[in-house]
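Colleague: The chain contents come next:
Protein chains: 2
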Amino acid sequence: MKRIGFIGVGIMGKSMVRNLMKSGYEVYIYTRTKSKVEDIIAEGAIWCETVADIAKNKDIIITIVGYPKDVEEVYLGKGGIIDNADKGTYIVDMTTTDPKLAVKINDLALNKGLKSLDAPVTGGDMGAKAGTLTILVGGDKEDFNACLPVFEAMGKNINYMGQAGNGQHTKMANQIAIAGTLAADCEAMSYAKNVGLDVSEVVKAIGTGAAGSNQLNANADKIIEGNMLPGFFIKHFIKDMKLAKKEADIRGLELPVLSKVLSMYEDMEKDGKSDLGTQALILKYDKKQ
Amino acid sequence: MKRIGFIGVGIMGKSMVRNLMKSGYEVYIYTRTKSKVEDIIAEGAIWCETVADIAKNKDIIITIVGYPKDVEEVYLGKGGIIDNADKGTYIVDMTTTDPKLAVKINDLALNKGLKSLDAPVTGGDMGAKAGTLTILVGGDKEDFNACLPVFEAMGKNINYMGQAGNGQHTKMANQIAIAGTLAADCEAMSYAKNVGLDVSEVVKAIGTGAAGSNQLNANADKIIEGNMLPGFFIKHFIKDMKLAKKEADIRGLELPVLSKVLSMYEDMEKDGKSDLGTQALILKYDKKQ
Numbered sequence: 001m002k003r004i005g006f007i008g009v010g011i012m013g014k015s016m017v018r019n020l021m022k023s024g025y026e027v028y029i030y031t032r033t034k035s036k037v038e039d040i041i042a043e044g045a046i047w048c049e050t051v052a053d054i055a056k057n058k059d060i061i062i063t064i065v066g067y068p069k070d071v072e073e074v075y076l077g078k079g080g081i082i083d084n085a086d087k088g089t090y091i092v093d094m095t096t097t098d099p100k101l102a103v104k105i106n107d108l109a110l111n112k113g114l115k116s117l118d119a120p121v122t123g124g125d126m127g128a129k130a131g132t133l134t135i136l137v138g139g140d141k142e143d144f145n146a147c148l149p150v151f152e153a154m155g156k157n158i159n160y161m162g163q164a165g166n167g168q169h170t171k172m173a174n175q176i177a178i179a180g181t182l183a184a185d186c187e188a189m190s191y192a193k194n195v196g197l198d199v200s201e202v203v204k205a206i207g208t209g210a211a212g213s214n215q216l217n218a219n220a221d222k223i224i225e226g227n228m229l230p231g232f233f234i235k236h237f238i239k240d241m242k243l244a245k246k247e248a249d250i251r252g253l254e255l256p257v258l259s260k261v262l263s264m265y266e267d268m269e270k271d272g273k274s275d276l277g278t279q280a281l282i283l284k285y286d287k288k289q
Numbered sequence: 001m002k003r004i005g006f007i008g009v010g011i012m013g014k015s016m017v018r019n020l021m022k023s024g025y026e027v028y029i030y031t032r033t034k035s036k037v038e039d040i041i042a043e044g045a046i047w048c049e050t051v052a053d054i055a056k057n058k059d060i061i062i063t064i065v066g067y068p069k070d071v072e073e074v075y076l077g078k079g080g081i082i083d084n085a086d087k088g089t090y091i092v093d094m095t096t097t098d099p100k101l102a103v104k105i106n107d108l109a110l111n112k113g114l115k116s117l118d119a120p121v122t123g124g125d126m127g128a129k130a131g132t133l134t135i136l137v138g139g140d141k142e143d144f145n146a147c148l149p150v151f152e153a154m155g156k157n158i159n160y161m162g163q164a165g166n167g168q169h170t171k172m173a174n175q176i177a178i179a180g181t182l183a184a185d186c187e188a189m190s191y192a193k194n195v196g197l198d199v200s201e202v203v204k205a206i207g208t209g210a211a212g213s214n215q216l217n218a219n220a221d222k223i224i225e226g227n228m229l230p231g232f233f234i235k236h237f238i239k240d241m242k243l244a245k246k247e248a249d250i251r252g253l254e255l256p257v258l259s260k261v262l263s264m265y266e267d268m269e270k271d272g273k274s275d276l277g278t279q280a281l282i283l284k285y286d287k288k289q
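If you read the protein sequences in the order shown, they are chains A and B.
Each residue of the first sequence is one higher than the last, beginning at 1 in our numbering.
Each residue of the second sequence is one higher than the last, beginning at 1 in our numbering.
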């Protein structure tokens, strides 16, 4: 396991590529706009002109792109990874995407003699940079074990969750927990502000007890300062929540809190706010809106 | 500050009385049913026959009862604390109750030359036992300072939140944050179970990252084991959420997630489940229901 093809060199992807190179891997990259990755090429990443070039003659191919349609584009079809990767190559999609798409890719990969894992991450750009991502992996256990050193170059908390699609399902559970928690924190802070409390003091008082959460820790200061810049984009969170809701719907499982939070974010999207960070949900509680 | 009158010697109150006695205070107790407090009387607490007896000749009177109507009963009216406490006595209500009632008691107390604080707690029976309660205090800052040693005998995280009622308002913010977070955790765990994941593994994988919360830590094992015993009763949580919603409504502040969670718990109350612990919200996601 030495030669890695990497597709999706955005903010997170770039940090992941750096950590892979630091661990001694040869990393080949492809992205839509070459000018955006000149820095990482200067640091030693090797540029490929097409997805097909990335796919060929590699030990492992890693993708972390935006939406399920982007995953389909790089994996499926004539110029895609599945048609062009050599037999025995590990293909690892780290995008948060549709669990059913992960299963579909796994099935197609098996037919071609490839080994597929779905391995979405949590921990954001900070975790990617520090090499402390949580990685949630679905697929064959032996394939997981074979790729473990590569995961360990990018993350700290590496979890094997079972069959293909289970990495994605676990990520869905993660996003469901985040959605309601973040909304609850926004409601608590908004209440505190409206009744005339010092919001910082409230967060200090309640943040370590039963009401404490990593969402509160991550977002309270941003919310108090009015900093709505994206750590995690609303538009990506909407994508994740929709996928989770779809999977729940299929199983006849109602998730009323998730549905409510999703609809609030969709309202924000309609108002042109989907490029803000998820903490901007607080704006929905601003009565001046 | 030596002689303490204490009303509301339930599960939490008993632990608080023990910690006060451990710190050298003389503690006088009153409760409706004497037989339930024989143990703590044997340990040194002094029994009083009436609320009026508790109120007289004390340095500080502490109450932690059930509902706002219980608070009204012990404070207001002829046999109550306000009519019977000596001038200069500190009166401290640690019940989670209506912020407006806290302000009303404070106003009446001032008129009688008493000193009033509202000081609800978080941390539950475990925190009460260990003397690690979080205490959220509203009222005069000097009165807070005077009572601080007494609070420190019962808790660890003692917070002065501003004017009368602000202790209660901070507790409301705490309960709002808990409501949505706990519901989000139930939804995430229910999703995980429905898609066939190992729920314990999911909690382990996502519990330390962005989805992590003290609610998840406190409730995941209980939920997985099907343990619905009360750490915190649904009926008391409903009381708190209703108070919070009322205060939000007065200010024209909509809290859709709180409202949704409240209505789910109210459905459970109608089904006779209000003596279960709050983690029993998971039952609402059981499709066999």
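Note that these hints are calculated values from the structure, not bench results.
Treat each hint with caution, since some may be false.
[Said to hold, decoys possible] Taking lysine to aspartate or glutamate and the EDC-like style, the derived pairs with C-alpha atoms no more than 16 angstroms apart in a straight line are:
| id | chain 1 | residue 1 | chain 2 | residue 2 |
| --- | --- | --- | --- | --- |
| 1 | A | K284 | B | D59 |
| 2 | B | K235 | B | D267 |
| 3 | A | K141 | B | E201 |
| 4 | B | K193 | A | E254 |
| 5 | A | K235 | A | D198 |
| 6 | B | K2 | B | D59 |
[What the hints assert, rightly or not] Over the 10 angstroms line for every Cβ pair with chain A, so calculated as not near, a few chain B residues:
| id | residue |
| --- | --- |
| 7 | M189 |
| 8 | I238 |
| 9 | A248 |
| 10 | L258 |
| 11 | E266 |
[As the list claims (entries may be wrong)] Some but not every residue of chain B turned toward chain A, in silico, with C-beta under 7 angstroms:
| id | residue |
| --- | --- |
| 12 | L76 |
| 13 | G88 |
| 14 | V195 |
| 15 | I206 |
| 16 | G209 |
Ideal Cβ placement from N, Cα and C applies to all residues, glycine included.
Colleague: Now tell me if each hint is right for this structure.
Modeller: Results of checking the hints against the structure:
1. The hinted pair formed by K284(A) and D59(B) fails the criterion: a straight-line CA distance of about 47 angstroms is larger than 16 angstroms.
2. Taken as a hint, the K235(B) and D267(B) pair is honoured in the structure, with Cα atoms around 11 angstroms apart against an allowance of 16 angstroms.
3. The straight-line distance between the Cα atoms of K141(A) and E201(B) is roughly 15 angstroms, inside the 16 angstroms bound, and the hint therefore holds.
4. Our distance criterion of 16 angstroms between C-alpha atoms is met by K193(B) and E254(A), whose separation comes to about 13 angstroms.
5. Distance check on the hinted pair: K235(A) and D198(A) sit about 31 angstroms apart at the alpha-carbon level, beyond 16 angstroms; violated.
6. Among the hinted pairs, K2(B) with D59(B) is consistent with the structure: their alpha-carbon atoms are about 6 angstroms apart, no more than 16 angstroms.
7. For M189(B), the shortest C-beta to C-beta distance to chain A comes to about 7 angstroms, within the 10 angstroms cut-off, and the non-interface label is violated.
8. For I238(B), the requirement that its beta carbon stay farther than 10 angstroms from each beta carbon of chain A is met, with the minimum near 16 angstroms.
9. Not every CB of chain A lies more than 10 angstroms from the CB of A248(B), the least distance being 6 angstroms, so the non-interface label is violated.
10. With a minimum CB-CB distance of about 6 angstroms to chain A, L258(B) fails to clear the 10 angstroms threshold, and the non-interface call is violated.
11. The claim that E266(B) lies off the interface holds: its Cβ sits roughly 13 angstroms from the closest Cβ of chain A, which is beyond the 10 angstroms cut-off.
12. With a least beta-carbon distance of about 24 angstroms to chain A, the hint placing L76(B) at the interface is violated under the 7 angstroms criterion.
13. At its closest, the beta carbon of G88(B) sits 28 angstroms from a beta carbon of chain A; the interface hint therefore is violated under the 7 angstroms criterion.
14. Of the supplied interface hints, the one on V195(B) holds, with its beta-carbon coming within about 5 angstroms of a beta-carbon of chain A, less than 7 angstroms.
15. Hint status for I206(B): holds, given a least beta-carbon distance of 4 angstroms to chain A, under 7 angstroms.
16. Proximity of G209(B) to chain A holds as hinted, the smallest CB-CB distance being about 5 angstroms (cut-off 7 angstroms).
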